[in-house]
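**Q** This is what each chain is made of:
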Amino acid sequence: MATTTLTPAASRYSALYSWLTTTDHKKIGIMYVVNSFIFFFIGGLLALGVRTELAQPGLQFVTAATYNELFTMHATFMIFLFVIPMLAGFGNYVVPLQIGAPDMAFPRVNALSLWMLPLAGILLLLGFVTGGTAAAGWTSYAPLSEDRPLAAVGAGQDLWIVALVLIGTSSILGAINFLVTIFKMRAPGMTLFRMPIMVWTVLVTSVLVLMATPVITSALIMLFIDRNYGGAFFDPSRGGDAILYQNIFWFYSHPAVYVMILPAMGMVSEILPVFSRKPLFGYKAFIFATAAIGALGFSVWAHHMFTTGAVYLPFFSIMTFLIAIPTGVKMFNWVFTMWRGQLMLKTPLLFAIGFLTMFLIGGINGAFSASVPVDFALHDTYWVVAHLHYVLFGGSVFGVMGGFYYWFPKMTGRMMNETVGKVQFAVMFIGFNMTFFPMHELGLAGMPRRIADYSSTAGWNDLNLLATIGGFTIAFSMLLFLWNVFLSLRSGPVAGDDPWEGNTLEWATTSPPPAYNFDHLPEIRSERPVFDARWGRVAEH
Amino acid sequence: MSSSRRSRSRETAVFALAVGALIIGVSLILLFYGANVLKAGNEILTGLYPPIAVTTQGAEVRNLYTVIFLIAVAIFLVVEGLIIWTVIRYRRKPGDVTLPPQTHGNNIAEFVWTVVPTIIVIFMFIVSWQTLNSVDVSSSSAQTKIRAVAGQFQWTFEYLDQTGTKVEYTEFQSLVAKGGGMYVPAGRTVQLQLFVSPKDVIHAFYVPQFLFKRDVVPGRTTSFDFTVDAADAGQTFRGQCAELCGTLHSTMLFDVKAVTAPEFDTWLAGKVAEANATPAPAQSGAVGETVHISASGIKYEQTDVSAKAGAPFQIEFENKDAGTPHNVSIHQGSPTGTEVFQGAIFNGVATKDYEVKALDAGTYSFVCTVHPTMIGTLTVK
Numbered sequence: 005m006a007t008t009t010l011t012p013a014a015s016r017y018s019a020l021y022s023w024l025t026t027t028d029h030k031k032i033g034i035m036y037v038v039n040s041f042i043f044f045f046i047g048g049l050l051a052l053g054v055r056t057e058l059a060q061p062g063l064q065f066v067t068a069a070t071y072n073e074l075f076t077m078h079a080t081f082m083i084f085l086f087v088i089p090m091l092a093g094f095g096n097y098v099v100p101l102q103i104g105a106p107d108m109a110f111p112r113v114n115a116l117s118l119w120m121l122p123l124a125g126i127l128l129l130l131g132f133v134t135g136g137t138a139a140a141g142w143t144s145y146a147p148l149s150e151d152r153p154l155a156a157v158g159a160g161q162d163l164w165i166v167a168l169v170l171i172g173t174s175s176i177l178g179a180i181n182f183l184v185t186i187f188k189m190r191a192p193g194m195t196l197f198r199m200p201i202m203v204w205t206v207l208v209t210s211v212l213v214l215m216a217t218p219v220i221t222s223a224l225i226m227l228f229i230d231r232n233y234g235g236a237f238f239d240p241s242r243g244g245d246a247i248l249y250q251n252i253f254w255f256y257s258h259p260a261v262y263v264m265i266l267p268a269m270g271m272v273s274e275i276l277p278v279f280s281r282k283p284l285f286g287y288k289a290f291i292f293a294t295a296a297i298g299a300l301g302f303s304v305w306a307h308h309m310f311t312t313g314a315v316y317l318p319f320f321s322i323m324t325f326l327i328a329i330p331t332g333v334k335m336f337n338w339v340f341t342m343w344r345g346q347l348m349l350k351t352p353l354l355f356a357i358g359f360l361t362m363f364l365i366g367g368i369n370g371a372f373s374a375s376v377p378v379d380f381a382l383h384d385t386y387w388v389v390a391h392l393h394y395v396l397f398g399g400s401v402f403g404v405m406g407g408f409y410y411w412f413p414k415m416t417g418r419m420m421n422e423t424v425g426k427v428q429f430a431v432m433f434i435g436f437n438m439t440f441f442p443m444h445e446l447g448l449a450g451m452p453r454r455i456a457d458y459s460s461t462a463g464w465n466d467l468n469l470l471a472t473i474g475g476f477t478i479a480f481s482m483l484l485f486l487w488n489v490f491l492s493l494r495s496g497p498v499a500g501d502d503p504w505e506g507n508t509l510e511w512a513t514t515s516p517p518p519a520y521n522f523d524h525l526p527e528i529r530s531e532r533p534v535f536d537a538r539w540g541r542v543a544e545h
Numbered sequence: 120m121s122s123s124r125r126s127r128s129r130e131t132a133v134f135a136l137a138v139g140a141l142i143i144g145v146s147l148i149l150l151f152y153g154a155n156v157l158k159a160g161n162e163i164l165t166g167l168y169p170p171i172a173v174t175t176q177g178a179e180v181r182n183l184y185t186v187i188f189l190i191a192v193a194i195f196l197v198v199e200g201l202i203i204w205t206v207i208r209y210r211r212k213p214g215d216v217t218l219p220p221q222t223h224g225n226n227i228a229e230f231v232w233t234v235v236p237t238i239i240v241i242f243m244f245i246v247s248w249q250t251l252n253s254v255d256v257s258s259s260s261a262q263t264k265i266r267a268v269a270g271q272f273q274w275t276f277e278y279l280d281q282t283g284t285k286v287e288y289t290e291f292q293s294l295v296a297k298g299g300g301m302y303v304p305a306g307r308t309v310q311l312q313l314f315v316s317p318k319d320v321i322h323a324f325y326v327p328q329f330l331f332k333r334d335v336v337p338g339r340t341t342s343f344d345f346t347v348d349a350a351d352a353g354q355t356f357r358g359q360c361a362e363l364c365g366t367l368h369s370t371m372l373f374d375v376k377a378v379t380a381p382e383f384d385t386w387l388a389g390k391v392a393e394a395n396a397t398p399a400p401a402q403s404g405a406v407g408e409t410v411h412i413s414a415s416g417i418k419y420e421q422t423d424v425s426a427k428a429g430a431p432f433q434i435e436f437e438n439k440d441a442g443t444p445h446n447v448s449i450h451q452g453s454p455t456g457t458e459v460f461q462g463a464i465f466n467g468v469a470t471k472d473y474e475v476k477a478l479d480a481g482t483y484s485f486v487c488t489v490h491p492t493m494i495g496t497l498t499v500k
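These protein sequences, in sequence, are chains A and B.
Every letter in the first sequence is one number past the one before it in the working numbering, and letter 127, counting from 1, is 131.
Every letter in the second sequence is one number past the one before it in the working numbering, and letter 52, counting from 1, is 171.
Worth double-checking, as some hints may not be accurate.
[As the list claims (entries may be wrong)] Calculated from the model, a selection of chain A residues having no Cβ within reach of chain B, i.e. all distances over 12 angstroms:
1) Phe41
2) Trp119
3) Phe187
[To be verified] Which bits of chain A does chain B cover? Going by a derived footprint, with three or more residues having C-beta under 8 angstroms, they are:
4) 153-159
5) 284-290
6) 359-367
7) 465-477
[Stated by the list, open to error] Some chain A residues close to chain B (C-beta under 10 angstroms, calculated; not the full set):
8) Phe279
9) Gly313
10) Lys426
11) Tyr458
12) Ser460
13) Gly500
Derived by calculation from the structure, the hints in this document are not laboratory data.
The beta-carbon is built from N, C-alpha and C at its ideal position, and this holds for glycine as well.
Only chain A is shown next, with the shape it has when bound in the complex (with noise of 0.2 angstroms):
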């Protein structure tokens, strides 16, 4: 860096094509952080607009119309180019490093995998300037996504239906790439007992989507020749079937909700272990219920169709119910980790607590839904938008955040601020308990999901105002986020290689690694070498 002789502008513009032309697994898991972190912010922004409407009864802010593509937006923002793809990037950066290997198995299709993500998002973007973007919501359920009057007849569902094609393609060869690196790409003695729950949600998460994905795309290319040439797959005014199109859509986003929040278990996974200086509570039986969720996942879609009349209701209630119990021990598991151990309380720890008391109540509401009568009375209300963010918000977010404070040091070579750090815990905790705390309640006296305007006798004045003024207490703890990504980058204090004392293999290289990342690698006989390497066998005992 400082022995380089070009100039200064050349050489910011050559760092610059080397992130763009990279193959780096490294520089492409933090490319795919930061493309995920801009859609997570885009994302936020729809959200605030949805809450900004709602805050008060009455359409004053947006109309119906622009309402609609709000919350569409929002979902399919934070569903496809958040969460998913910000997993998918912190698996890219931490598989490789943990199993040993230099690399991904294949580092162009890597690339590739990448660069479709913004140009998936822009397509979406562009339905705003297109007149009007998708507006069936994230489902996009048949026939209000089919091209006629009063429905989608606009470009923007079909950008939307070419973006979500792309991102699924990314996802697929994402998820080949992940297999084969973990198959085929551990370091000696790392045998598959010996790897990191980390790859283990990230292994058992490629199986999902190589399985899944395929169907929804499936989905979306009868939808869209539906939609462009004339058919009539969806369309039951023409010999289609409007069930279908549910069927097809939640075999895939069943599943893709078990891929939204493995890989962020498996943070939890890897957080908490270190920060109580113990390892990980039942290592086996937490990957059996893994690969037991991976598995009951695809028995269970049509608990999203419970009131359509048109399932057999008592299979999908049973195989709902049942995937409790291999979440239950995950839970057990992480509590019996802290227990008796020596809690750091750093700002990776927090989230992961923050994780576990509030992905416990979006375990629990679950079993409501579940309970088939139960569902009757609360689907399609708020009270379903209230569990899906205490397992989304509540559980993934809280997991990113937790791994973004964990890694960061490992990505960048600086501490973030632990200060800052607390405080924007504490500023998110009690936001998004305020944002959808309220919303069960609401969902309860019978606020419907999705609707853009409420009537002010209805009784939900209160708890929708509280709901939007949690809202902006996510959006202000999220500013500080970014001022303490600021801060730290610019002037955190100096990392080192292993600052919280870690237990796997990344922590045994340099921060921030180099090219192919290890020198030499420290002996694997479990699944914590490094700690192994610092204490000894002795420790064991």
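Assemble the complex: chain A is given as a structure, and chain B must be docked to it using the hints.
**A** Showing chain B alone in chain A's frame:
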């Protein structure tokens, strides 16, 4: 070491201050917005329960909710308490560099927390299934049969004969305030059929106080039974479409008006007689001019029409929306002003002539009674 300990305690103090400031700030904001904090707190505590059910089926769902809710609260308190206690109890003491015992797991514990939750979820499944079998039924022997027809963006209610096929009376208005709504006999089981045109989209019939909803899917007919408690006669319950159906989704409201069974029979007989009565012969060779208004895509195609003051005139109203009911009503000034004329509501595609009596000069609004967002201006001069 001591300096790092000091900085750690300072960090904790900053953290505690920030949390305190935030809670105070939020409370102040709430007070500023005039929300009663105590009332809101009470709402949060009582709001974790669904509304009191007004149907026997809904009451069963509510009992089931109680079972699931109590189990959920117990699990929540145990696990959340365990997490919080663990975090507080096992904080690292400053300066402690020893390792805690390296427990890798415990098979008995894993067995227990696999088997106990299994028993709990199977119990919850069985009670749910039992309730399902008694709330999700549809009997063709029900004495009253009604068909709710959903459409973008209105509900119409067809009262059927005993066979459940012939429509005896159609109610186009879905709100009691506008003289419509779905009348149901309290204490009597009603079979509700749900229907939507294949050219329409998916809707959902949802009444919060029934604790029940059912999707209305194009290309399918479904039905379910409900029995409003006899004690709830005289009450009106608000229902709403619960499946995103397009731009005006949030306007698809309807009322369910419960009346006693004899009242219901009298009301229905009256409505049927009214519908069967020979319509008054249209005045042939009506005096005055003819104003043409047409509706398409839940919009009037004319937003500005005019008529002569002080003379009766005719509105030739063309409803181009297949299967969707529209009409023309005339209000003084704004669309919510006093109604001076209401034309009959009818399904498209069809055309009807309305005879309107002489109006004073001035500006009027014309509105579709079914779709309040369909608005135009009528200038009388």
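**Q** The structure should be examined with respect to each hint, and the outcome stated for every one.
**A** Evaluation of the provided hints:
1. For Phe41 of chain A, the non-interface assignment is confirmed: its Cβ lies about 23 angstroms from the closest Cβ of chain B, beyond the 12 angstroms cut-off.
2. With a least beta-carbon separation of about 33 angstroms from chain B, Trp119 of chain A lies farther than 12 angstroms from that chain, consistent with its non-interface assignment.
3. Under the 12 angstroms C-beta cut-off, the non-interface status given to Phe187 of chain A relative to chain B holds; the minimum distance is some 25 angstroms.
4. For the segment 153-159 of chain A, the assignment as covered by chain B holds, since 3 residues bring a beta-carbon within under 8 angstroms of that chain's beta-carbons and 3 suffice.
5. Interface restraint, the segment 284-290 of chain A with chain B: holds (5 residues with C-beta to C-beta distance below 8 angstroms; minimum three).
6. Counting residues of the segment 359-367 of chain A whose CB lies closer than 8 angstroms to any CB of chain B gives 4, which reaches the minimum of 3, so the coverage claim holds.
7. Requiring three or more residues with a Cβ within less than 8 angstroms of a Cβ of chain B, the coverage given for the segment 465-477 of chain A holds, as 6 such residues are present.
8. Given the 10 angstroms rule on beta carbons, the hint for Phe279 of chain A holds: about 9 angstroms separates it from the nearest Cβ of chain B.
9. Hint status for Gly313 of chain A: holds, given a least beta-carbon distance of 4 angstroms to chain B, under 10 angstroms.
10. The criterion of a C-beta within 10 angstroms of any C-beta in chain B is met by Lys426 of chain A, whose closest approach is roughly 5 angstroms, and the hint holds.
11. Look at Tyr458 of chain A: its Cβ gets to within about 7 angstroms of chain B, closer than 10 angstroms, so that hint holds up.
12. Hint status for Ser460 of chain A: violated, given a least beta-carbon distance of 13 angstroms to chain B, over 10 angstroms.
13. Proximity of Gly500 of chain A to chain B is violated relative to the hint, the smallest CB-CB distance being about 15 angstroms (cut-off 10 angstroms).
Hint compliance for this structure: hints 12 and 13 are broken, all remaining hints hold.
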